[in-house]
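Asker: Below, each chain spelled out in residue letters.
Protein chains: 2
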Amino acid sequence: MLRTHTCGELRLSDLNKEVSLSGWVQKVKDLGGLTFIDLRDRYGITQLAFDSDSAEDILNTVKTLGREFVIQASGIVIERESKNKNNPTGDIEIRVKALKVLNASQTPPFTIEDTTDGGDELRMKYRYLDLRRNEVRKNLELRHRMAIETRNYLDKLNFLEVETPVLIKSTPEGARDFVVPSRMNKGQFYALPQSPQTFKQLLMVAGFDRYYQIVKCFRDEDLRADRQPEFTQIDCEMSFVEQQDILDTFEGLVRHLFKTVKHIDMPSVPHMTYADAMKFYGNDKPDTRFEMKFVEMNGIVKGKNFKVFDEAELVVAICAKGAAEYTRKQLDELTEWVKRPQIAATGLVYARHNADGTLKSSVDKFYSEEELKKWAEACGSAPGDLILVLAGAEEKTRKAMSELRLEMGARLGLRDKNVFSPLWVIDFPLLEWNDGDPNLLASLAGRWHAKHHPFTSPNPADFHLLASDPGAVRANAYDLVINGVEIGGGSIRIHDRELQAQMFDLLGFSKEEAQKQFGFLMNAFEFGAPPHGGLAFGFDRLCSLFGGSDSIRDFIAFPKNNSGRDVMIDSPSEISDEQLKELSILSTAGAGS
Amino acid sequence: MLRTHTCGELRLSDLNKEVSLSGWVQKVKDLGGLTFIDLRDRYGITQLAFDSDSAEDILNTVKTLGREFVIQASGIVIERESKNKNNPTGDIEIRVKALKVLNASQTPPFTIEDTTDGGDELRMKYRYLDLRRNEVRKNLELRHRMAIETRNYLDKLNFLEVETPVLIKSTPEGARDFVVPSRMNKGQFYALPQSPQTFKQLLMVAGFDRYYQIVKCFRDEDLRADRQPEFTQIDCEMSFVEQQDILDTFEGLVRHLFKTVKHIDMPSVPHMTYADAMKFYGNDKPDTRFEMKFVEMNGIVKGKNFKVFDEAELVVAICAKGAAEYTRKQLDELTEWVKRPQIAATGLVYARHNADGTLKSSVDKFYSEEELKKWAEACGSAPGDLILVLAGAEEKTRKAMSELRLEMGARLGLRDKNVFSPLWVIDFPLLEWNDGDPNLLASLAGRWHAKHHPFTSPNPADFHLLASDPGAVRANAYDLVINGVEIGGGSIRIHDRELQAQMFDLLGFSKEEAQKQFGFLMNAFEFGAPPHGGLAFGFDRLCSLFGGSDSIRDFIAFPKNNSGRDVMIDSPSEISDEQLKELSILSTAGAGS
Numbered sequence: 001m002l003r004t005h006t007c008g009e010l011r012l013s014d015l016n017k018e019v020s021l022s023g024w025v026q027k028v029k030d031l032g033g034l035t036f037i038d039l040r041d042r043y044g045i046t047q048l049a050f051d052s053d054s055a056e057d058i059l060n061t062v063k064t065l066g067r068e069f070v071i072q073a074s075g076i077v078i079e080r081e082s083k084n085k086n087n088p089t090g091d092i093e094i095r096v097k098a099l100k101v102l103n104a105s106q107t108p109p110f111t112i113e114d115t116t117d118g119g120d121e122l123r124m125k126y127r128y129l130d131l132r133r134n135e136v137r138k139n140l141e142l143r144h145r146m147a148i149e150t151r152n153y154l155d156k157l158n159f160l161e162v163e164t165p166v167l168i169k170s171t172p173e174g175a176r177d178f179v180v181p182s183r184m185n186k187g188q189f190y191a192l193p194q195s196p197q198t199f200k201q202l203l204m205v206a207g208f209d210r211y212y213q214i215v216k217c218f219r220d221e222d223l224r225a226d227r228q229p230e231f232t233q234i235d236c237e238m239s240f241v242e243q244q245d246i247l248d249t250f251e252g253l254v255r256h257l258f259k260t261v262k263h264i265d266m267p268s269v270p271h272m273t274y275a276d277a278m279k280f281y282g283n284d285k286p287d288t289r290f291e292m293k294f295v296e297m298n299g300i301v302k303g304k305n306f307k308v309f310d311e312a313e314l315v316v317a318i319c320a321k322g323a324a325e326y327t328r329k330q331l332d333e334l335t336e337w338v339k340r341p342q343i344a345a346t347g348l349v350y351a352r353h354n355a356d357g358t359l360k361s362s363v364d365k366f367y368s369e370e371e372l373k374k375w376a377e378a379c380g381s382a383p384g385d386l387i388l389v390l391a392g393a394e395e396k397t398r399k400a401m402s403e404l405r406l407e408m409g410a411r412l413g414l415r416d417k418n419v420f421s422p423l424w425v426i427d428f429p430l431l432e433w434n435d436g437d438p439n440l441l442a443s444l445a446g447r448w449h450a451k452h453h454p455f456t457s458p459n460p461a462d463f464h465l466l467a468s469d470p471g472a473v474r475a476n477a478y479d480l481v482i483n484g485v486e487i488g489g490g491s492i493r494i495h496d497r498e499l500q501a502q503m504f505d506l507l508g509f510s511k512e513e514a515q516k517q518f519g520f521l522m523n524a525f526e527f528g529a530p531p532h533g534g535l536a537f538g539f540d541r542l543c544s545l546f547g548g549s550d551s552i553r554d555f556i557a558f559p560k561n562n563s564g565r566d567v568m569i570d571s572p573s574e575i576s577d578e579q580l581k582e583l584s585i586l587s588t589a590g591a592g593s
Numbered sequence: 001m002l003r004t005h006t007c008g009e010l011r012l013s014d015l016n017k018e019v020s021l022s023g024w025v026q027k028v029k030d031l032g033g034l035t036f037i038d039l040r041d042r043y044g045i046t047q048l049a050f051d052s053d054s055a056e057d058i059l060n061t062v063k064t065l066g067r068e069f070v071i072q073a074s075g076i077v078i079e080r081e082s083k084n085k086n087n088p089t090g091d092i093e094i095r096v097k098a099l100k101v102l103n104a105s106q107t108p109p110f111t112i113e114d115t116t117d118g119g120d121e122l123r124m125k126y127r128y129l130d131l132r133r134n135e136v137r138k139n140l141e142l143r144h145r146m147a148i149e150t151r152n153y154l155d156k157l158n159f160l161e162v163e164t165p166v167l168i169k170s171t172p173e174g175a176r177d178f179v180v181p182s183r184m185n186k187g188q189f190y191a192l193p194q195s196p197q198t199f200k201q202l203l204m205v206a207g208f209d210r211y212y213q214i215v216k217c218f219r220d221e222d223l224r225a226d227r228q229p230e231f232t233q234i235d236c237e238m239s240f241v242e243q244q245d246i247l248d249t250f251e252g253l254v255r256h257l258f259k260t261v262k263h264i265d266m267p268s269v270p271h272m273t274y275a276d277a278m279k280f281y282g283n284d285k286p287d288t289r290f291e292m293k294f295v296e297m298n299g300i301v302k303g304k305n306f307k308v309f310d311e312a313e314l315v316v317a318i319c320a321k322g323a324a325e326y327t328r329k330q331l332d333e334l335t336e337w338v339k340r341p342q343i344a345a346t347g348l349v350y351a352r353h354n355a356d357g358t359l360k361s362s363v364d365k366f367y368s369e370e371e372l373k374k375w376a377e378a379c380g381s382a383p384g385d386l387i388l389v390l391a392g393a394e395e396k397t398r399k400a401m402s403e404l405r406l407e408m409g410a411r412l413g414l415r416d417k418n419v420f421s422p423l424w425v426i427d428f429p430l431l432e433w434n435d436g437d438p439n440l441l442a443s444l445a446g447r448w449h450a451k452h453h454p455f456t457s458p459n460p461a462d463f464h465l466l467a468s469d470p471g472a473v474r475a476n477a478y479d480l481v482i483n484g485v486e487i488g489g490g491s492i493r494i495h496d497r498e499l500q501a502q503m504f505d506l507l508g509f510s511k512e513e514a515q516k517q518f519g520f521l522m523n524a525f526e527f528g529a530p531p532h533g534g535l536a537f538g539f540d541r542l543c544s545l546f547g548g549s550d551s552i553r554d555f556i557a558f559p560k561n562n563s564g565r566d567v568m569i570d571s572p573s574e575i576s577d578e579q580l581k582e583l584s585i586l587s588t589a590g591a592g593s
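Note that the protein sequences, when read in sequence, are chains A and B.
Quick note on numbering: our numbering labels position 470 of the first sequence as 470, and the sequence is numbered without any gaps.
Quick note on numbering: our numbering labels position 444 of the second sequence as 444, and the sequence is numbered without any gaps.
Read the hints as simulated data drawn from the structure, not as lab findings.
From a predicted model like this one, the values you see are computed outputs, not experimental measurements.
Incorrect hints may appear among the rest.
A pair holds if it fits inside one copy or across any two, identical chains being indistinguishable in the list.
As the list claims (entries may be wrong) - Under the rule of at most 25 Å between Cα atoms (straight-line distance), these lysine-lysine pairs were calculated in the PhoX-like manner:
(1) K125 to K516
(2) K186 to K125
(3) K581 to K186
(4) K262 to K156
(5) K259 to K156
(6) K307 to K339
(7) K373 to K307
(8) K279 to K307
In isolation and in its complexed conformation, chain A is listed as follows:
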């Protein structure tokens, strides 16, 4: 080893030891006769000390050192004159007796400090330098710890980690697949898995009983800040279970992670139906760190000659506690905020519940104080609160109000990153109508689409609706939501061939298509498939939640940008004609696409 200790290890108890350290030059401090170097590695920073007694060749070497040079220093541990209480090694320093440059460094393009001067693009290009920063490295250390603790918890419960294949079959009924041309089977392609769904179900058919895998999944979709073409799931499946068993088991996993990684006791997780989530929060992943529930106002506000409300399909309010002090300017700004294209409300009505108990609204012309008292009652407002009202087409208005609610929550400081409010959302609809989702192949538009996936069991209570009113059928599906972020989701699966065939039929598959793409699974159901279900957690997102960040990229060692590019290695890139030929494919990109 090119060291006897790490740079985070030495203490006063090591005084007078002969040691060797290796690491990076964080800083050279030349104080005239004295020179100090902060030597950094993953484990900490230790100070190296040089004075006029140091050998001349050492002092000459010191003069050549710059930031991020890699050096090896040997010497004696001595007590510091001026101690640094903020550094665990701050009581000691090394009187250096031998010094070797292991590798030089150009001046890095940005500073390797907790707060850096490098912009996003530069830091992505030199990701290996960005990863040297404490903050970024700590994110990945957190990720490592969470993976270890996930495995510990599941292993104790008899879950087996089984690796499922990465080169599988394209079944483009969901998002787009990434595909891989096969050289040995010309004209044929593998696909990368969007999830190991069918394989984990086959493992249940195989009697594996409890399966998990921390596994890379792939989705060729247009990217957003919190999406990556490759992402990691904690993927799980259990046999002989009902929905509540799965919720209990994985609530336990999240509790274990909070306890072991963040030393937080997570309370038991409430359940909310999808219908209630939409009704009270306009959102299937409500942030329940704060209340501010939707109040439907149609019955109260209509028929008072205010055309906007009279013509609206839905009038809905929230009560922002303690926000009555909002100035006119703030309210105007908020009105502009809801009118932005991303929110797309046509306007904002407000009513102040003043500290003196009086009520004052932006639509006083139509609503007397007596009327406003009904608003206040419906909204449960108290003196000091602010009622905010949106109106319009139902779906759009709920969506806009959900955004406004989150915004008000943020403005009022109700979305503390150190508070965690988990929630099970249950009873999702089985299907949704696809009227042209850009993340699906165009040929799938104008059909029912599985909200979760085609293997999700309908709620048996709604079986009778499958043929007559498929959109009304609830699924045995559930999501775990924490702080408004969907952390995981799953379902009880279909384990009956007939029901699975019926499901594919509903989704517009011909019998032949269904058999060709999923025959292996339907056949498996004929050889003793047990009742089973499971779920998958978005591991990148879970880590970012634990780390207090909104961006999953901060928790991925080498993420891709919004165009799916790795700018560090410059990928994707062209491949040689020789490769294309061997794979029996031609690129048509040159043809002016």
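Dock chain B against the given chain A, drawing on the hints supplied.
Answerer: For chain B alone, coordinates are given in the frame of chain A:
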């Protein structure tokens, strides 16, 4: 839960408990008035009992049950009349009071027993049924346990598991890449990693100090029984280390695995140079469970008018202890064996060292007993031993003798699967000449090829040979070999830009090609790259070694066949024109390839 206990759990101490079990019908035993069912799950088998007191509807249900039906049975734990000492639950049975069929089963195409009647192909097609067999499931349980213990060991040593990307860049200097067309970057392709090599080196540049990952890797090569297009590595890297540090650390890992998984104390691992391995075993992964070293006979056998030996570049012998009793028939058969095309020796010469001390050879015409005594002396043979001799061109003869040695080891019972003989092979050559390796692109033929990979550091002692005699340069590279199987390998890496550039030059890269493909790594070396090195274990192979099998397929849940096909899901397969069009590629396979 559809059960209160598993089928492996109940004991006499549970007598009189009301329990529910769920599982598969292994066997229905109808003894007239009494019927027993062996109910199986992953955890064991429990006997269900029915008699004439059982309710009629239950007895009627029992009559409908066949092999592999999934049922739920509730009842009382009672003591068995005739106990089964071979089954941990064999003291009890369940008197069934309620019985429910959870799913029926067709008769499976082969028996779900430890010894099955299903052929390979059938079992692969119905892999989910094959996985129900104890033997196959135990292999995957072993794999799970080995992964957990690997992580435990490395986590304790401060290794961080970091996930590296799967969608990377094609750099076809090694085996062929699998590639993935990018929809968003038309005409461009990702590649799947043959290993995370460059990323783990960048993590060292990033100061991560100790990295590991249990990770899928991909190689598009023509398959053999022990190769899969996707395979799993335990991939590791360390900074500030020298070769011996890496050998010590990972010898420790293997020792930990032997101890925790197989309860075997592994002795310290001897080192052997590549040169010695080739000289004494004709093989860079010698099986050292037995000696039977090569003895070079040129100096002893030449000049006695035996043309075969006189004209041979190499005459080499092994001494098979205790095999002097081999009959003429056996020796003829062995001669035929070495003449098979796979071995391709031209013939086999033998000399018996008889029990009475006399010596008798198949070439007595040319060699007197006096001469044969010299053979015996050189080979260290004793009465009762058999000396086997091959002759011919050096490389080919060493290879043939290596095969013969392994064959004799097997025939003499010296290759016990429960004995483990680990070995570090060190000092590999840096380069080998590629005169048309079918696993490389044709355009790479007629060049030097990196024996390990282009990032391996030459041995500093041989730097002076890099320009003048590249084939003689040794690498700082090492393999861990156990029982003749290469379990892992690695090297000290280049961390200097200039040396790396020189290496690419040696491998026939132009400066531009090197910069385009590996510029990111060479640039990284300019910003303070620490000395580093690492290794990777073939996890599939390590598991199969621990499990006592020669085939890695037995340790992969869903393996592919020799054509790279998954016959269960029927993949690879054709994709739709809509998909091809979106990806801007055309398949040329129809064009009569």
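Asker: None of the hints should be skipped; say for each whether it holds.
Answerer: Evaluation of the provided hints:
In the homo-oligomer, the alpha carbons of K125 and K516 lie at most 25 Å apart only across protomers (15 Å), although the nearest pairing inside one protomer, at 44 Å, exceeds that limit. Only between protomers do K186 and K125 lie at most 25 Å apart by alpha-carbon distance; the minimum there is 21 Å, versus 37 Å within a single protomer. When the C-alpha separation of K581 and K186 is checked against a cutoff of 25 Å, the pair qualifies both within a copy, at 11 Å, and between copies, at 18 Å. Both within a single protomer and between protomers do K262 and K156 lie at most 25 Å apart by alpha-carbon distance, with minima of 20 Å and 20 Å respectively.
In this assembly of identical chains, K259 and K156 lie within 25 Å of each other by CA distance both inside one copy and across copies; the values are 16 Å within and 20 Å between. When the C-alpha separation of K307 and K339 is checked against a cutoff of 25 Å, the pair qualifies only within one copy, where the shortest distance is 18 Å, while the shortest distance between copies is 98 Å. With identical chains, the CA atoms of K373 and K307 are at most 25 Å apart within one copy only, with a shortest distance of 20 Å there and 117 Å across copies. Taking the shortest Cα distances, K279 and K307 sit within 25 Å of each other inside one copy (24 Å), while across copies they are farther apart (96 Å).
Violation of the numbered hints given earlier is absent; every hint is satisfied by the structure.
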